[in-house]
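Asker: Protein chains in written order, with our numbering: chain A, 17 to 331; chain B, 74 to 398.
Calculated from the structure, these hints are not laboratory results. Just so we're clear, the structure is a prediction, and the values are computed from it rather than from any experiment. We treat Cβ as the ideally placed atom computed from N, Cα and C, and that holds for glycine. Accuracy of the hints is not assured; some may be wrong.
Covered, in the sense of this in silico footprint (three residues per stretch, anywhere, with C-beta under 8 Å from a C-beta of chain B), are these stretches of chain A [to be verified]:
1) 153 to 162
2) 179 to 190
3) 250 to 263
4) 295 to 303
Computed, partial: chain B to chain A, Cβ under 8 Å [unchecked claim]:
5) 95
6) 96
7) 331
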Amino acid sequence: MSNNTQITVSHNDGGRLRYGFAGRAAIVLKTMWRRGEGKFTLIVLALWLVVALISLIWTPQSLWATDGYHVWAKPSASHWLGTDGTGADVFSWLMAGSRTNLLIVVLTVAFSALWGLLLVSAMVARASALASASVVVIDALISIPTVLLALILAVPLGASITVIVIACGFGYGLNLARVARPSALLAARSSYVESALANGASGWRILVSHIIPNIVPVLAVQLSLSAGTAVLAESGLTYLGIGVPSGMPSWGHSLATSVKLINVFPLTVLWPGLVVTVVVVALNIFGDVLRDAIDPVTNPALRQTAASAEKEDER
Amino acid sequence: MRFVIRRLLLFVVALFGISVVVFAALRILPGDVASIMAGINAPASRVAQLREQLGLNRPLVAQYFDWMGALVTGDFGTSILTGRSVTALIGARASITFPLIIVGLLIAMLIGLPLGCAAVLARSPRVRMAFHVLAIIGGSVPALWGGLLLILLFGKGVGLVGILPSQGFPLDGWGEPVGAMLSLILPAFTVGIIVGASLMRYTRAALGDLANSGYIDMARSCGMTRTQAVLRVGLRLAMPQLVSVIGLTFASMVTGVMVIENLFALPGIGNGLVTDVGNRDLIAVQSELFLLAAFFLTIGLIVDVLHRLLDPRLKNASGVSEVSA
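Let's have the full structure, built from the sequences with the hints guiding it.
Answerer: Shown next, in the form of structure tokens:
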């Protein structure tokens, strides 16, 4: 029971912790770093970010320098992971691919978060007609798979990043809304929302300061799962020719080029697949670790800041 | 009963919505359908003839109702490229895709369900951790890469143990049953392993929630061991949820195996659709997209109704289930 009282306490001052956003972010990161899998995921993701930024100004070989004499070369000092069928440097293309994938993941996650939150707010709306209609519509739409949506979009748009972002973001948003609904509904029917309403708070304010903080743990898990799935979807859609357009570096592109001559040069295919797998593993773990670290219920460090802030208030 | 009627109404509305979206997606192309289908170098007379033949110079609403009217009578149009009816095309492709996904789903269930149960039953933290790692890695491998690794292990000519054909489907199709079956083994295992990892996660989540519930405590106080309680009571209670997941997984596999069909050069539904989009065979694409969407919505409908039939706890709930506080 003592646990329960703590929950109410942390929710009550969730909106006005003394430590600002940066302070709380530091605590969350520190808590994540303390766990083994947290270290792994933070290192991988930081590396991804750094490599993507570096690739904007420098890659070991120019992307468009094709070495016609060393096609399908083995790894060497000048070509760290060898070359592909046009003599282009595999390592440089992988490096440059990381920035395209980062862009796709960020856009997809942002789109699915906005779309998902819109649906969540519709589902917990006080107008019951809107609420039940949105639940039913989501149930119907959720059976349409991403690839099908991507194909429908690819007919008018052709291969483009937009196709990946919209097709993935749409489906992930539906999923997010479905998963987040129970906790959002619990918050929307709570007594603190009732008293906020009695104080004349607007629907927007209730969403931002009461409902969203309550679904943050669910959001953390779902959004990072979506990020991982977006990386996988990128490689599949690009391979099928409806994802990243040819000529733009991406991990899916590296994977697809290495497939064509698998019979002759089987080892080239290992690297892009390995990069994708490691990054997706990191993103999947990231969600779990982040959920435990970001929720004041499971992370006592965040509660301590709340408590110490209160003490300072008293002084 | 009211639930079924509401769900059916929704199904019809969703079907109508999808048909409009598919129709519109093909009409907002830059340029018009006829000139794209005729190709870049086609003479103007050919484009005009094609436009006439496809009824593209009629108003959009009339075109839409022509298409719908034909669909209702079972006429899905003719592929411009091959001259075959779309019905025949889809039939031929389905004869490859469906055996592939059914075998793939069986493999996935054989992998995912027992491993999911074992992950819940395991006591030692190390074993639990191992299951956790297995589930995460299994869900993180790109399908394309997983297939490639299997080809590198078992594919004829390239593999370490080259015993299975790695690409293509016999020209005679199922007229050559042994060859056809052999060529489906590697793709089916690729699908099975990847889908199996996700089934394992679902099983573990559904069963894990129940394993800490009062149902299990009750069963144990009646004298069952924890294993018995989880497998007999927990699994029975998780069944409706698992049936839904497996049903929806089955549906999504039809297009989900697209990459794998492409990699293993199998002329299945997904692979065919990508080819048709690439060839701008738009009349075929329009009907195929609509049929696939209709298939997904139908499976979604069946799964929802089945879930309700299997789970007596939902019987008294209204269409919108309330949150249990």
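Asker: Are there at least three residues in the region 153 to 162 of chain A whose beta carbon sits under 8 Å from a beta carbon of chain B?
Answerer: Since three or more residues must qualify, the claim that chain B covers the region 153 to 162 of chain A holds, with 8 doing so at under 8 Å.
Asker: Just to make sure I understand the rule, a stretch counts as covered if three or more of its residues have a C-beta closer than 8 Å to a C-beta of the chain. Does the region 179 to 190 of chain A meet that for chain B?
Answerer: Not satisfied, violated; 0 residues make the cut.
Asker: Should the interface hint for residue 331 of chain B be scored as holding, given a Cβ-Cβ cut-off of 8 Å against chain A?
Answerer: 6 Å, holds
Asker: The hint names residue 95 of chain B as touching chain A; please verify it with the least Cβ-Cβ distance against 8 Å.
Answerer: 6 Å, holds
Asker: Against chain B, does the region 250 to 263 of chain A show at least 3 residues with beta-carbon separation below 8 Å?
Answerer: The restraint on the region 250 to 263 of chain A holds, since 6 of its residues have a Cβ under 8 Å from chain B and three suffice.
Asker: With chain A as the partner, please determine if residue 96 of chain B meets the hint condition of a C-beta pair closer than 8 Å.
Answerer: 10 Å, violated
Asker: Count residues of the region 295 to 303 of chain A with a Cβ under 8 Å from any Cβ of chain B, then say if the count reaches three.
Answerer: holds (count 4)
Consistency note: the structure conflicts with the earlier hints numbered 2, 6.
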